[in-house]
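Build out the structure end to end from the sequences listed, making use of the hints.
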Amino acid sequence: MTDGEEYTLADEIVARARIHAREVVDEHELAVDLSALEWEVSARARRRAGACQWHADREVATIVLARRAYERYDWSTFAGIVRHELVHAWEFQQFGESGHGDRFRKRAGALAAPRYCDAFAEPRYVLRCLAGSCDWCAKRHRASKPVKSPDQYRCGGCGGAYEVEHTKSGRTWTTASGYGGAKAALGDDW
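Each step along the sequence shown adds one to the number in our numbering, with nothing skipped, and position 144 is 173.
Hints were generated in silico from the structure; no laboratory data involved. Be careful, since some hints might not be right.
Keeping only pairs whose Cα atoms sit at most 25 Å apart, straight-line, the calculated DSS-like set for lysine-lysine is [as the list claims (entries may be wrong)]:
| hint | residue 1 | residue 2 |
| --- | --- | --- |
| 1 | 212 | 197 |
| 2 | 197 | 174 |
| 3 | 197 | 168 |
| 4 | 174 | 212 |
| 5 | 197 | 177 |
| 6 | 177 | 212 |
| 7 | 168 | 212 |
Shown next as structure tokens:
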């Protein structure tokens, strides 16, 4: 940094993640080309603590880390997210694709990286099956089509009907008009 410039939280996150990545690659002999790895911090991410994007045209992976996750988690948990995304980068660099299958699970296990990362923000909506014998539920952070028109979709577990709950208010609906009514009733509290 030059005179007058200050380090930002994003700079701190990237610096710590790069140091950890170097340690992981060296200690576990993970074949990740760190020179073909870019780092970004998302100030907007609310669901995903991290993501790894593959740019096949440049053969570069970009690891995007969520600032909110860094602020919420302790370093040990956040370092697990960095290792998780490094496994994706390794898969992209070695195989041109990545997922959460057997190959990922095996490599993540060797690095003590979680296979999936916990959500770090409370969902805005929860979808719950109405069938008494089904315990399916799904969390949503945005008003997606299944949130706005639940009567047009089915439960992911049994195929039955479900309701949507606005978590902040506790209001529920099962139809598009119910969504509109809840939104209108809540006004600024939506």
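These are the hints, each one checked on the structure:
1. The hinted pair formed by residue 212 and residue 197 meets the criterion: a straight-line CA distance of about 12 Å does not exceed 25 Å.
2. Of the pairs offered as hints, the one joining residue 197 and residue 174 holds, with about 19 Å between alpha carbons and a cut-off of 25 Å not exceeded.
3. As the CA atoms of residue 197 and residue 168 are separated by approximately 13 Å, the hinted pair is consistent with the 25 Å bound.
4. Simply put, residue 174 and residue 212 have alpha-carbon atoms about 15 Å apart, close enough for the 25 Å limit, and the pair holds.
5. As the CA atoms of residue 197 and residue 177 are separated by approximately 16 Å, the hinted pair is consistent with the 25 Å bound.
6. In summary, the hint linking residue 177 to residue 212 is supported, as the alpha carbons are separated by about 10 Å, within the 25 Å threshold.
7. At most 25 Å may separate the alpha-carbon atoms for a hinted pair to count; residue 168 and residue 212 meet this at roughly 18 Å.
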